[in-house]
Structures are given as C-alpha cells and as structure tokens.
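Assemble the whole structure, with the sequences as input and the hints as a guide.
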Amino acid sequence: MKEKIFNNIIFILFTILLLLFSLKCFLVSFGIIKEEFLMNMVNEKLHMIYSTFIYQVILALIGFLLLFLALYLIWLKQKIAQQLPYVKITNDLGEIKISTSSLEQIILNILSGVEGVKQIKPEIQVQKGENIKTILHLIVHQGCNIPETAHYLQQKLKEDLPKLSGIEAKEIRINVDKIDYE
403 MKEKIFNNII
413 FILFTILLLL
423 FSLKCFLVSF
433 GIIKEEFLMN
443 MVNEKLHMIY
453 STFIYQVILA
463 LIGFLLLFLA
473 LYLIWLKQKI
483 AQQLPYVKIT
493 NDLGEIKIST
503 SSLEQIILNI
513 LSGVEGVKQI
523 KPEIQVQKGE
533 NIKTILHLIV
543 HQGCNIPETA
553 HYLQQKLKED
563 LPKLSGIEAK
573 EIRINVDKID
583 YE
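One gets this note's numbering by counting positions in the sequence shown from 1 and adding 402 to each.
Careful, some of the hints might be misleading.
Cross-link-like lysine-lysine pairs, in silico, BS3-like; alpha carbons within 27 Å at most [to be verified]: (1) K520 x K535; (2) K499 x K404; (3) K535 x K499; (4) K490 x K560.
Just so you know, the hints here were simulated from the structure itself, not pulled from any lab data. Since we're looking at a predicted model, the values are computed, not measured.
What follows is the structure in structure tokens.
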C-alpha cells in the first residue's frame, strides 16, 4: 500500500512539473511572456545561484531529486512490464494468484480433443472481481456443426473451469477464425 501511495505522489509531482513547463512554453511561444522579462529573470536567477553557496546546494538537491525521479520511473516501468496479468482469488486463508497464461493452459486442457475443432487459441481478459472474459479463437474442420460445437465448448468451459481453477468465466465468446478444408 505504501508503494502505491509513493507512486501516486511521484506521478502527481511529475504531472505538475510537466504542466508548468508546458504552460511556460505556451506563454513564451505566443509572446505573452516578453523576451526581455524572460532574459532578465534568467540572468537574475543565475546570478543569485552563482553568488550564494546555499542556492548552489539547493540546485544540486533539486538536480539529484529529478535524477532520482527519472531513474525511479525507469525502474517502475521495467517492473510493470515484467508483471504477468493474473486473476486473484481471495479465501479465508489468503489469496491465490493465477496468471492468465496458466489459465490459457487450463482452458486448452479442458477443451482438448473436441471433435471438429483443429485448433483453439484462448484469449483471457481479466474482469473486476474473480471473473474472466474468455474469447476462444477456433480453426474448425470442414463439415463441423459450428453452432453445436460452439455451444458444447461454452458449456464444457463454464462447468469445468471453476472446478479446476476456482475462477468463473463470466462470458465465453467464440470466434471461428478459419475453416480447415484439408
């Protein structure tokens, strides 16, 4: 929880800095802030920074803080990219996380060997709560009764997935992507 609060604070600070910078760019580009005013302000601030040690320390701290912020955001992006999407189940003993790739394997095992189906590629979308939406991309054999086979796949998955994983498929869509005529 503390990491989430820290991430939100960093995000807000970064957004504020970006808004201030974009506002200054906008004001300068449309001539609302005059060049003389901007140059005088920059020269005055530079003179103040170089003339006093305390301002040099403050500038160094700001630079260090911005460097830390940039490195932290790079690290956070890497951490998020490495996380697998998962479905979380909570019970009285704690929580269980099942990755979507594991659920895809479970679905393939449940639906293997269905007559008329050459290939199944499950796609899982995690919903709120402990539910998923499943889209089954199929390649079926020529002569397959598509409505009957699709209904059978939906029923089998609806019944067997909660038994094996504890997760209910809220919606099961079937997309017949190809009919195999070989």
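Here is what the structure says about each hint:
1. For the suggested pair K520 and K535, the alpha carbons sit about 22 Å apart, so the restraint of at most 27 Å is met.
2. At roughly 21 Å between alpha-carbon atoms, K499 and K404 fall within 27 Å of each other, so this suggested pair holds.
3. Proposed proximity of K535 and K499 is supported: the alpha carbons are some 17 Å apart, at most 27 Å.
4. The suggested pairing of K490 with K560 holds, with an alpha-carbon distance near 18 Å, which does not exceed 27 Å.
When the structure is compared with the earlier hints, no violation turns up for any of them.
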